[in-house]
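In case you want the letters, here they are:
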Amino acid sequence: MLLETQQLEIISVNIWSILISLANLVIIFLLLKKLLFKPVKKTLAARQAQVDKIYDDAAAAKQTAEADRAEYEQKLADVKAEAEEILTDARERADRMSEEIIGDAKDKAQAKLERAEEEIAQEKKKAMTELKDDVSALSVDIAEKLLGREIDEKDHAELIDKFISEVDDNGK
Amino acid sequence: MSEKTKFRIVDGLLIAMMILPFVAGIVLKILFTPESEGISITGAIVFFEIKMPLQPLQITEAQVNSWLVMVFLVGLCLYLTHGIKVVPDSRRQHVAEWIVEKVEALVSDNMGDKYMAFAPFIAAVLGMSAFSSLSSLLGLFPPTSDLNVVFGWSILVFIIITHYKLKGGVWNYTKGYFEPIPVFAPMNVIGEIATPVSMAFRHFGNVLSGVVISTLIHAALGGLSNVLRVGIPAVFSLYFDIFSGLIQAYIFAMLTMLYISNGFPEEAYEKRMKKKAERERRRREAAALVENK
Chain A
1067 MLLETQQLEI
1077 ISVNIWSILI
1087 SLANLVIIFL
1097 LLKKLLFKPV
1107 KKTLAARQAQ
1117 VDKIYDDAAA
1127 AKQTAEADRA
1137 EYEQKLADVK
1147 AEAEEILTDA
1157 RERADRMSEE
1167 IIGDAKDKAQ
1177 AKLERAEEEI
1187 AQEKKKAMTE
1197 LKDDVSALSV
1207 DIAEKLLGRE
1217 IDEKDHAELI
1227 DKFISEVDDN
1237 GK
Chain B
67 MSEKTKFRIV
77 DGLLIAMMIL
87 PFVAGIVLKI
97 LFTPESEGIS
107 ITGAIVFFEI
117 KMPLQPLQIT
127 EAQVNSWLVM
137 VFLVGLCLYL
147 THGIKVVPDS
157 RRQHVAEWIV
167 EKVEALVSDN
177 MGDKYMAFAP
187 FIAAVLGMSA
197 FSSLSSLLGL
207 FPPTSDLNVV
217 FGWSILVFII
227 ITHYKLKGGV
237 WNYTKGYFEP
247 IPVFAPMNVI
257 GEIATPVSMA
267 FRHFGNVLSG
277 VVISTLIHAA
287 LGGLSNVLRV
297 GIPAVFSLYF
307 DIFSGLIQAY
317 IFAMLTMLYI
327 SNGFPEEAYE
337 KRMKKKAERE
347 RRRREAAALV
357 ENK
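Order-wise, the sequence lines are chains A and B.
Following our numbering, the numbering of the first sequence begins with 1067 at its first residue and continues without gaps.
Following our numbering, the numbering of the second sequence begins with 67 at its first residue and continues without gaps.
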């Protein structure tokens, strides 16, 4: 034994020791409250607030994004409709134009054809007239030769013409 | 000096604050333990006495060791919450948060959310009890194997229980002793007193029995062969010092919570509060009437 000491019995009750122990527990309770629970709970509350804020921000951002998307979709739909309209317009116009062109072409072709037919008819008429003249002249010649005398061209042309038109009428 | 170095220095000081109490306790133990042959199972060593009325105030090993445990706990709290941040970056902060959350979950499970203010008290009971019992691992005299220490705690718990019971009104509290029939009054009084006594003796007895059995095993094995003293007592110490100590801390905390929450007469308290509010309202009305006149 290094120092003189006395030892307690195993079970000994001392009122002051009990009070000291009681006070110890109260003190450690207050210390724990102040040194452990207060800072930790403060931190947890601050973190919770931060987390809540982040969630709120995220929710707001999501809402904005949704709104933007809806807007873009609306715009896209508008643009599509517009494009469709333009296309339809263009197609209609093209159809109309092509019809016009074809119609024009047809008309022109028709006109040309008619003119050509007219020309042909005129040419035919001309040829006919020429032929008639020739034939009348020829017949006068032939008749001169046959009769041996000159027939007055002017007097007899009328006669021959009449004859030819009768022949012509019969021939037809 | 940079912030980091300062932080490190404070950390070092806090770690010293946790370790040094136990070193001091061991030194005191070595200085004061009487040499003895064979087995001696005695109470705490008395360092000195102060004359006081009724009984002398004894500063015993148990008192000193429980103060050492308190210093350790304060150091632990300061260390765990040192450099606490909203976004945790250290393991110790996780430990601190884990402790707080677990204790609060325990309180809310066993007592309900309105007793949340008890969480630090329960943490104090758990911490003091567990670390006091565990201090025997270092060869110190565990404060919980001294009846006075645990008795102090259980009396504090008894005071809290009675305070909560009295919240239902003095009449309600007194009436409780004469139920179910007035003849039961003595038994009810005994039952009331038995609460702190049983709590104290349960804790004290369990820790003391661990110490006694450890000493006996140590001595018995030494009697057979000194080689057996190595290792084998440690296995028993694992149960008697660590398991038993922690279980007793848990039981003590559990009983504290249950007694307090069960002792609180909720209906009577609410009735009383309603009556009080009514009385207050009437008083105010009367005052208003007087003022109007």
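Simulated from the structure, these hints should not be mistaken for laboratory data.
Idealized CB from N, CA, C, for every residue including glycine.
Any given hint could turn out to be false.
Subject to a maximum C-alpha distance of 25 angstroms in a straight line, what follows is the list of computed DSS-like cross-link-like pairs (lysine-lysine) [as the list claims (entries may be wrong)]:
| # | chain 1 | residue 1 | chain 2 | residue 2 |
| --- | --- | --- | --- | --- |
| 1 | B | Lys168 | A | Lys1104 |
| 2 | A | Lys1190 | A | Lys1128 |
| 3 | B | Lys70 | B | Lys151 |
| 4 | A | Lys1107 | B | Lys233 |
| 5 | A | Lys1108 | B | Lys151 |
| 6 | B | Lys337 | A | Lys1107 |
| 7 | A | Lys1100 | B | Lys180 |
| 8 | B | Lys337 | A | Lys1104 |
| 9 | A | Lys1100 | B | Lys168 |
| 10 | A | Lys1228 | A | Lys1192 |
| 11 | B | Lys233 | A | Lys1108 |
| 12 | A | Lys1107 | B | Lys168 |
| 13 | B | Lys151 | B | Lys233 |
| 14 | A | Lys1099 | B | Lys233 |
| 15 | B | Lys151 | A | Lys1172 |
| 16 | B | Lys72 | B | Lys95 |
| 17 | B | Lys337 | A | Lys1099 |
| 18 | A | Lys1100 | B | Lys151 |
| 19 | B | Lys180 | A | Lys1104 |
| 20 | A | Lys1108 | B | Lys337 |
| 21 | A | Lys1198 | A | Lys1228 |
| 22 | A | Lys1108 | B | Lys70 |
Facing chain A, a subset of chain B residues (Cβ under 10 angstroms, in silico) [as the list claims (entries may be wrong)]:
| # | residue |
| --- | --- |
| 23 | Val112 |
| 24 | Ile125 |
| 25 | Glu127 |
| 26 | Pro154 |
| 27 | Ala162 |
| 28 | Ala171 |
| 29 | Leu172 |
| 30 | Asn272 |
| 31 | Leu274 |
| 32 | Ile279 |
| 33 | Leu282 |
| 34 | Ile283 |
So the derived label-pair ranges between C-beta atoms look like this [to be verified]:
| # | chain 1 | residue 1 | chain 2 | residue 2 | range |
| --- | --- | --- | --- | --- | --- |
| 35 | B | Val153 | A | Ala1127 | 38 to 48 angstroms |
| 36 | A | Ile1120 | B | Met339 | 54 to 64 angstroms |
| 37 | A | Gln1072 | B | Leu120 | 18 to 28 angstroms |
| 38 | B | Arg268 | A | Gln1116 | 40 to 50 angstroms |
* To do: Below or equal to 25 angstroms on CA atoms is what counts here, so check A:Lys1100 against B:Lys168.
  => This hinted pair holds, its Cα atoms lying about 18 angstroms apart.
* Between A:Lys1107 and B:Lys233, is the straight-line Cα distance small enough, at 25 angstroms or below? -> Not OK: A:Lys1107 and B:Lys233 at ~28 angstroms, beyond 25 angstroms, violated.
* Asked: Is the hint on B:Val112 kept, meaning its closest Cβ partner in chain A is under 10 angstroms away?
  -> Cβ of B:Val112 sits 5 angstroms from chain A, so the hint holds.
* **Pair hint outcome, B:Lys180 versus A:Lys1104 [Cα-Cα no greater than 25 angstroms]** => Given that 25 angstroms is the threshold and the Cα spacing comes to 18 angstroms, the pair holds.
* Within a Cα-Cα threshold of 25 angstroms, do A:Lys1108 and B:Lys337 meet the stated pairing? -> violated, 35 angstroms
* Going by Cβ atoms only, is B:Leu274 closer than 10 angstroms to chain A? -> For B:Leu274, the interface hint holds, since the closest Cβ of chain A sits about 7 angstroms away, which is under 10 angstroms.
* Is the shortest C-beta separation between B:Ile279 and chain A less than 10 angstroms? -> violated, 14 angstroms
* Please work out if A:Lys1228 and A:Lys1192 have their alpha carbons no farther apart than 25 angstroms. => The given pair, whose Cα atoms are some 18 angstroms apart, holds under the 25 angstroms limit.
* Given B:Glu127 was flagged as interface, is its beta-carbon under 10 angstroms from a beta-carbon of chain A? -> holds, 9 angstroms
* To do: Starting from the hint 18 to 28 angstroms, judge whether the C-beta atoms of A:Gln1072 and B:Leu120 obey it.
  => holds, 19 angstroms
* Hinted pair B:Lys72 and B:Lys95, Cα distance within 25 angstroms -> violated, 35 angstroms
* **Pair hint outcome, A:Lys1108 versus B:Lys151 [Cα-Cα no greater than 25 angstroms]** => holds, 10 angstroms
Going through the hint list in order, the structure does not satisfy hints 2, 4, 6, 8, 11, 13, 15, 16, 17, 20, 28, 29, 30, 32, 33, 34, 35, 36.
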